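Engineer: If you want the building blocks of each chain, they are given just below.
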Amino acid sequence: MSDQSVIEAQQRRSSRMQTIYRPLILAALALFVLVAGRLVSESLPSWIAVQTVLSLGMFLAVIAFGQGLVMLTGGLDLSVPGVIALSASTVAVWVSFMDGSLFVGVLLALGVSLLFGIVNGVLVSVLKAPAFIVTLAMGAVLEGFSLFITYGRKSPESPELLVTLFSGSGKLFGIGIPALLFFVVGIIGFIIQARSRFGRNVYLLGSSLEASRIAGQPVNFIQISIYAVSGFGSGLAGLMLVGFSGNAQLSLGTEWLMPSIAAVLVGGTIIGSGRGFWQSTITAGLMLTAITIVIQSTGVSSGWKSVLYGVVVLVALLSTRSDIGRRRRKKISQDPL
Amino acid sequence: MKRNWKVAALAVIAASSLALSACGGSSDTADAGADSSAATEAGADNGNPCGWADAPRAGGDKYVVYMSSLNIGNAWQEEAVNLGSAEALMPPYSDCVELRTERTEPDPASQISQIQSMTAAGADAIVTFALSPTAINATFKEACDAGVTVVIYDATVTEPCAYNVSYITAKPVGSDIPFMGYNAMAALIDMMGGAGDIFVAHGVAGTSVDNVHYLSALAAIDQLAPDMNILTEWDGNWDSAQQQKETTKALASNPNVVGIFCGYGESGCVKALKAANKEIPVTGETSQYFREQLLAGWPGVSIGSPPAQGGIAMKLALGVLEYGPDAGIPHDIEVPFKVVTKDTVMVCEEDTYTEGCNVFPAGVVGDENTADIFNPLLPEASLTSAKTGVPPAGLVAVPFTVDEMKSFEQDPSRRYITREACPEGWTQGKLPEGLDGCVQS
Amino acid sequence: MNTKFGRIRQIVTDGTGRAVIFWLILMTIWLSLQSTQGMGVDARLIQSYLVLALPLIVASIGVTLVIIMGQFDLSAAGVIAVVNVTIASTLGSWNPLLVVVLMMALGGFIGLVNGLFVILGKLPAIAVTLATLIILQGLAIVILPQPSGKVPPFLVDGVRAPFVAVGIIVVIIIAWMLFKRSRSGLYMFAIGADPEALHLSGLPVKKIQLKIFVIAGALYGLAGVLMSASLTSGDANAADSFLLTTFAATAIGGTAFVGGRGSAVGTLFGALTLLAIPKVLFVFGVSDWTQKVAFGLLVLLAVVAGAFSSLRKNRESMLLAPYSTPTEGEPITATKGGNA
Numbered sequence: 009m010s011d012q013s014v015i016e017a018q019q020r021r022s023s024r025m026q027t028i029y030r031p032l033i034l035a036a037l038a039l040f041v042l043v044a045g046r047l048v049s050e051s052l053p054s055w056i057a058v059q060t061v062l063s064l065g066m067f068l069a070v071i072a073f074g075q076g077l078v079m080l081t082g083g084l085d086l087s088v089p090g091v092i093a094l095s096a097s098t099v100a101v102w103v104s105f106m107d108g109s110l111f112v113g114v115l116l117a118l119g120v121s122l123l124f125g126i127v128n129g130v131l132v133s134v135l136k137a138p139a140f141i142v143t144l145a146m147g148a149v150l151e152g153f154s155l156f157i158t159y160g161r162k163s164p165e166s167p168e169l170l171v172t173l174f175s176g177s178g179k180l181f182g183i184g185i186p187a188l189l190f191f192v193v194g195i196i197g198f199i200i201q202a203r204s205r206f207g208r209n210v211y212l213l214g215s216s217l218e219a220s221r222i223a224g225q226p227v228n229f230i231q232i233s234i235y236a237v238s239g240f241g242s243g244l245a246g247l248m249l250v251g252f253s254g255n256a257q258l259s260l261g262t263e264w265l266m267p268s269i270a271a272v273l274v275g276g277t278i279i280g281s282g283r284g285f286w287q288s289t290i291t292a293g294l295m296l297t298a299i300t301i302v303i304q305s306t307g308v309s310s311g312w313k314s315v316l317y318g319v320v321v322l323v324a325l326l327s328t329r330s331d332i333g334r335r336r337r338k339k340i341s342q343d344p345l
Numbered sequence: 492m493k494r495n496w497k498v499a500a501l502a503v504i505a506a507s508s509l510a511l512s513a514c515g516g517s518s519d520t521a522d523a524g525a526d527s528s529a530a531t532e533a534g535a536d537n538g539n540p541c542g543w544a545d546a547p548r549a550g551g552d553k554y555v556v557y558m559s560s561l562n563i564g565n566a567w568q569e570e571a572v573n574l575g576s577a578e579a580l581m582p583p584y585s586d587c588v589e590l591r592t593e594r595t596e597p598d599p600a601s602q603i604s605q606i607q608s609m610t611a612a613g614a615d616a617i618v619t620f621a622l623s624p625t626a627i628n629a630t631f632k633e634a635c636d637a638g639v640t641v642v643i644y645d646a647t648v649t650e651p652c653a654y655n656v657s658y659i660t661a662k663p664v665g666s667d668i669p670f671m672g673y674n675a676m677a678a679l680i681d682m683m684g685g686a687g688d689i690f691v692a693h694g695v696a697g698t699s700v701d702n703v704h705y706l707s708a709l710a711a712i713d714q715l716a717p718d719m720n721i722l723t724e725w726d727g728n729w730d731s732a733q734q735q736k737e738t739t740k741a742l743a744s745n746p747n748v749v750g751i752f753c754g755y756g757e758s759g760c761v762k763a764l765k766a767a768n769k770e771i772p773v774t775g776e777t778s779q780y781f782r783e784q785l786l787a788g789w790p791g792v793s794i795g796s797p798p799a800q801g802g803i804a805m806k807l808a809l810g811v812l813e814y815g816p817d818a819g820i821p822h823d824i825e826v827p828f829k830v831v832t833k834d835t836v837m838v839c840e841e842d843t844y845t846e847g848c849n850v851f852p853a854g855v856v857g858d859e860n861t862a863d864i865f866n867p868l869l870p871e872a873s874l875t876s877a878k879t880g881v882p883p884a885g886l887v888a889v890p891f892t893v894d895e896m897k898s899f900e901q902d903p904s905r906r907y908i909t910r911e912a913c914p915e916g917w918t919q920g921k922l923p924e925g926l927d928g929c930v931q932s
Numbered sequence: 295m296n297t298k299f300g301r302i303r304q305i306v307t308d309g310t311g312r313a314v315i316f317w318l319i320l321m322t323i324w325l326s327l328q329s330t331q332g333m334g335v336d337a338r339l340i341q342s343y344l345v346l347a348l349p350l351i352v353a354s355i356g357v358t359l360v361i362i363m364g365q366f367d368l369s370a371a372g373v374i375a376v377v378n379v380t381i382a383s384t385l386g387s388w389n390p391l392l393v394v395v396l397m398m399a400l401g402g403f404i405g406l407v408n409g410l411f412v413i414l415g416k417l418p419a420i421a422v423t424l425a426t427l428i429i430l431q432g433l434a435i436v437i438l439p440q441p442s443g444k445v446p447p448f449l450v451d452g453v454r455a456p457f458v459a460v461g462i463i464v465v466i467i468i469a470w471m472l473f474k475r476s477r478s479g480l481y482m483f484a485i486g487a488d489p490e491a492l493h494l495s496g497l498p499v500k501k502i503q504l505k506i507f508v509i510a511g512a513l514y515g516l517a518g519v520l521m522s523a524s525l526t527s528g529d530a531n532a533a534d535s536f537l538l539t540t541f542a543a544t545a546i547g548g549t550a551f552v553g554g555r556g557s558a559v560g561t562l563f564g565a566l567t568l569l570a571i572p573k574v575l576f577v578f579g580v581s582d583w584t585q586k587v588a589f590g591l592l593v594l595l596a597v598v599a600g601a602f603s604s605l606r607k608n609r610e611s612m613l614l615a616p617y618s619t620p621t622e623g624e625p626i627t628a629t630k631g632g633n634a
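Chains as they are written, first to last, in our numbering: chain G, 9 to 345; chain A, 492 to 932; chain L, 295 to 634.
Read the hints as simulated data drawn from the structure, not as lab findings.
Each hint should be verified, as a subset may be incorrect.
What the hints assert, rightly or not - Which bits of chain L does chain G cover? Going by a derived footprint, with three or more residues having C-beta under 8 Å, they are:
1. 312 to 319
2. 351 to 361
3. 412 to 418
4. 471 to 480
What the hints assert, rightly or not - Calculated lysine-lysine pairs in the DSSO-like style (CA-CA distance at most 27 Å, straight line):
5. Lys632/A / Lys444/L
6. Lys662/A / Lys765/A
7. Lys921/A / Lys444/L
8. Lys416/L / Lys500/L
9. Lys416/L / Lys444/L
10. Lys474/L / Lys444/L
11. Lys179/G / Lys897/A
12. Lys769/A / Lys833/A
13. Lys632/A / Lys897/A
14. Lys897/A / Lys921/A
15. Lys897/A / Lys662/A
16. Lys662/A / Lys179/G
This one's a predicted model, so the numbers in the text were calculated from it and none came from an experiment.
The C-beta atom is built at its ideal place from N, Cα and C for all residues, glycine as well.
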């Protein structure tokens, strides 16, 4: 009897660790990094630095949301750069060349992203093809389509409104809009992942496919919707990034793929296990962004910058790894089998 | 398990059938029966298309010429390949040249595979952007040995049989000092009054082009403003979205910077500066966006790689086909490039070349396009050609003469930089600009 | 299953068999079109295609081994880059055999480091190997900031000598046939299928996992040597594409990403397929934007065609044994923290 309560207490502690302590630790690390940046630059830490971390972290968060959901269920979404490019090209071409309205352009871009997310989902869940390669190949196809849409035309310009919103020139209360949006994205993401039925289904699916099936969940439908959400998220990111950089290029999304995966991993999501929390993912994203800012100022050559970044990621992984391992082993040895 | 052995057997059969077909492979094209040595008979055979030096390798009635660039959707790459394509489609070339365009994925192994495919497809000339100065060499050599004329534009290669057409070691128009990096940094120093804190952006780390720009820029700092302080550096990857992100980050940690050495993708640097409300001197390459900013008064210098190199390289390739590989056409060509400041910025009103113009009217081209499709060595360039790859009706090519091509030859003192070897009678030494070069022995 | 159709069905439903068939179809298309165009088909064309494929084949097999074991390894591209720049910058005039051994040892060492972080550090393999990839790619640029250097001529010429490439391929096939029946090989499959059960049955699971990481690392080292011989020089960025292509080759070859199943021979033909696709697109005259679309679609076709057959096989096996080891689509169980 007391064994049972000890185990329950352990479980409560470990889940509190995951949902509250870990994101707090990561956020604190992000701040710490900025403060430690004083060593390399006299202008650190500063409000501008904090704003930049939040702004760039916001873009990262939007992409990492879908990526995190996919990784919870054991997949990877490598089509992110392709969807971003297609979404960006669609809205930019629609508004610049077809003289369409921004509203319709946005709908088109998001619709197209959602559509290909669904295609990914169907291929992965119904046909049971490996997510890695399906999304990789789909990404190549979408890049091709983006090239087609912009083919022979000057690279289309972004709609004014998007530029104002996302390039950092538009400000609310003196703070750049993307930085404020970070919190909006965080809250919405939390509601979806942790407080909605959809989120609960995703977690159940991630932790055990069989259990979900036995429980009567429409497993295929949930999986497809996961990839659809990821596609939608990438499409949204594409709209934001096209606002940020002012024109639609193929390369818009390529620099965000690996960081999105890194943020999910450093945030403690165990791929394919149904274990992972949104709060940890976005704070990990903040920390990684802060790190890249500080590393950039160190003045070492670019090779060493990568080495430094990789080492930091390893250290972050080691120091924030969940202690579930230790407790589970104790559990195994306590339970007679 | 029996089934596994069956599969293994199938696999081994497949592998051996490859070996066997390699053994007995034969060519089916009747005309291509002649091997490459026949094609290089000294010019007596005037049954050649256009009366050019050697017969086409694949035996057809037109020379097969490939024009290739990188498949990354980058405006510069598109303009370069379009200018080269348009060149081959203009009279008098259109009578005897069959143009084929290709795109290469940004991976050396992919490019190697593609060059091999082009050679096997009967190419007489390949004009391409090289992904690495050394990694493709063996394949280029194989192509040369098979009788293909290989011409590389912009980023150079060290393979001696390939022709390099590049601005990398050239002098800009109106300057006595070579190297884009040096000139750009010197201009930045000038604008900043000789001292201050700057950011320096690299292109793609680990490439030789990036190294030349960077080292020559450092040399300018050493010689002209030793007190200047580089606050931070980053890899811009020659991509404006990346540059914008990196500049934003750098401004976060060093908001008091006074100048940026930005390089390609400079529109990203400027946009980041605008978002931070900072108008400081920037040196960038040739984009329309940047030059429009210069027109509006932004302090800066625009100096960079002209995509006209694509068209110029094509002209060289066709010239080699016309006069033959033994006509003395130099293997290293330097292409001049422009320096544009807010004082020298001038709008191009026409579709075709106008002396001195360096920016298009607003809205005519996209942010990342450039007016450096116009170059003294490519007077037949036009905006239509650069956009579509097809020349406007009535435009005629202006072929090089052999003497002209000889006059564009790279200065031997700078040969070391692109070829990692010095010509006869020269040995490795230091150049006045601080880089390793060749000195007469 | 002794009827003629039964046997054909066996080959078609087997991942490896399908990979071979798909590749044969592509080769037929390529070579028959090529023989009527340009200079036709000759020995050198096929030879160069094979030589170029060798590094990808070897590296992909390393990745396949790790995946069969139920783990992940993203570091292949990093190892290859470091090996390539090391050879080109300092080992260019060394004894070629020594170079091969040293570089495989270097790769094996990096694999060991990966394995230790995963097994002792209890970190997810995908995260660890992502970090080591970034570190290695950075190191490569530090070692060789600008492409240059030379590779031992014996290796350069040797790999291009007639039949060497084919010979290496045959050796690989035979080596796999032996390995998968060896104790290490059987354990590798078993761990991938059900790590918990093995742990409880007393097998040295950790040691075996470590061993597989080391072997994979050594294979990446060998791939690095082969790539250096292909490129004849060093270039810190040249190996970047291996990150994704090694996994693509594994998937096309029919290896499931859930662990416990797979074949290096399938991966070999998956790699050959991946490199044959651009050849086929070229002779069809596909270029510019359609290139990317066609490439993606063909890869999808290669993989989905495989998935269709596995689907049917799945349903059959589920009828027979509902509690059997993981079916397709189930998450990678072996990467949970806390196992073995």
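Engineer: Is it true that the CA of Lys416/L sits at most 27 Å from the CA of Lys444/L?
Structural biologist: violated, 40 Å
Engineer: Does Lys833/A lie within 27 Å of Lys769/A when you go C-alpha to C-alpha?
Structural biologist: Distance of about 18 Å is within 27 Å: holds.
Engineer: Would you mind confirming whether the straight-line C-alpha gap from Lys897/A to Lys921/A stays at or under 27 Å?
Structural biologist: holds, 25 Å
Engineer: Keeping to a limit of 27 Å between CA atoms, is the pair of Lys921/A and Lys444/L held or broken?
Structural biologist: holds, 23 Å
Engineer: Would the pair Lys662/A and Lys765/A pass a check requiring their Cα atoms to be no farther apart than 27 Å?
Structural biologist: violated, 32 Å
Engineer: Take the C-alpha atoms of Lys897/A and Lys662/A, compute the straight-line distance between them, and say whether it is at most 27 Å.
Structural biologist: holds, 17 Å
Engineer: Examine the stretch 351 to 361 of chain L for residues whose CB is less than 8 Å from any CB of chain G, and state whether their number is three or more.
Structural biologist: Three-residue rule not met by the stretch 351 to 361 of chain L, so violated; n is 0.
Engineer: Holds or violated: Lys632/A with Lys897/A, Cα cutoff 27 Å?
Structural biologist: holds, 23 Å
Engineer: Is the listed coverage of the stretch 412 to 418 of chain L by chain G valid when you require three or more residues with a beta carbon under 8 Å from a beta carbon of that chain?
Structural biologist: holds (count 4)
Engineer: Check the hint pairing Lys179/G with Lys897/A against an upper bound of 27 Å on the C-alpha distance.
Structural biologist: Between Lys179/G and Lys897/A the Cα gap is close to 58 Å, so the pair fails against 27 Å, i.e. violated.
Engineer: Does the structure keep Lys416/L and Lys500/L at a Cα separation of 27 Å or less?
Structural biologist: Roughly 11 Å separates the two Cα atoms, so the pair holds.
Engineer: Given the hinted pair Lys632/A and Lys444/L, is their Cα-Cα distance within 27 Å?
Structural biologist: Since the Cα atoms of Lys632/A and Lys444/L sit roughly 16 Å apart, the hinted pair holds (cutoff 27 Å).
When each numbered hint is compared with the structure, violations occur for hints 1, 2, 4, 6, 9, 10, 11, 16.
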